[in-house]
Amino acid sequence: NAGVTQTPKFRVLKTGQSMTLLCAQDMNHEYMYWYRQDPGMGLRLIHYSVGEGTTAKGEVPDGYNVSRLKKQNFLLGLESAAPSQTSVYFCASSYPTGGGETQYFGPGTRLLVL
Amino acid sequence: LAKTTQPISMDSYEGQEVNITCSHNNIATNDYITWYQQFPSQGPRFIIQGYKTKVTNEVASLFIPADRKSSTLSLPRVSLSDTAVYYCLVVPRSNDYKLSFGAGTTVTVRA
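So the protein lines, in turn, are chains A and B. Number 45 in the numbering used here belongs to position 45 of the first sequence; there are no gaps in the numbering. Just remember that the numbering used here sits 114 ahead of the position in the second sequence, which is counted from 1.
Keep in mind that the hints are not guaranteed to be accurate.
[Unchecked claim] Only pairs whose alpha carbons sit at most 20 Å apart, straight line, appear in this in silico SDA-like list of lysine to any residue: (1) Lys117/B / Gly58/A; (2) Lys57/A / Ser214/B; (3) Lys14/A / Gly63/A; (4) Lys168/B / Lys183/B.
[To be verified] Here are some, though not all, of the chain B residues that point toward chain A, as calculated from beta-carbon distances under 8 Å: (5) Pro154; (6) Gln156; (7) Gly157; (8) Arg159; (9) Phe160; (10) Tyr201; (11) Val205; (12) Leu213; (13) Phe215; (14) Ala217; (15) Gly218; (16) Ala225.
No wet-lab data here; the hints were simulated from the structure. Quick caveat, the model's predicted, so the values are computed rather than measured. Note that CB positions come from ideal geometry on N, CA and C, so glycine has one too.
Let the sequences and hints guide you as you build the complete structure.
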């Protein structure tokens, strides 16, 4: 049981390049999330998904796109990377419990945009 | 989502008890209070959650007064490995789970 895994662990991009971050979970969770964390700050929600084939915008969605074609995978895409997108990206997953919920986080992907 | 306020940092020594108080004045009736822990270069990890009164697990205790406008995370007998950022979150009872992480409280434990 690997939990939540993220690929790649680290990436350097040039401004204008594109890339896709992959998140995979083996806990059969319905909900998945993408966050970004800038130095010294808390996490900010980019996009999330409440089920296969559905996605929704979070707090800071501009410049990102997502897809949830399979229940276990949640992809985050940057079509044209900008230096402002330099950050650590965390993926998380959870299941609805009917009262509060626990999110399980991956180890993060460090992205540097030059 | 209810806004939370917690201290930016706290220092402690090994073996001491650390108490972090979080304010959440506009918490809704069905909201839960949840705490996460984040070590450097890792994703956050759930440590405890409560609705009212007191909750205890193997890691921490959570005290919630009757008005639920604040909560206190208690870490007993901390060690150097408890140095981390601790986040207080208010989680709504709904099918639209969007957590709001503030800057958290950086707890530094010294020998």
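Note to self: For each hint given before, does the structure comply? Return the numbers of the non-compliant ones in rising order.
What the structure shows: Of the numbered hints given earlier, those the structure breaks are 5, 16, listed in rising order.
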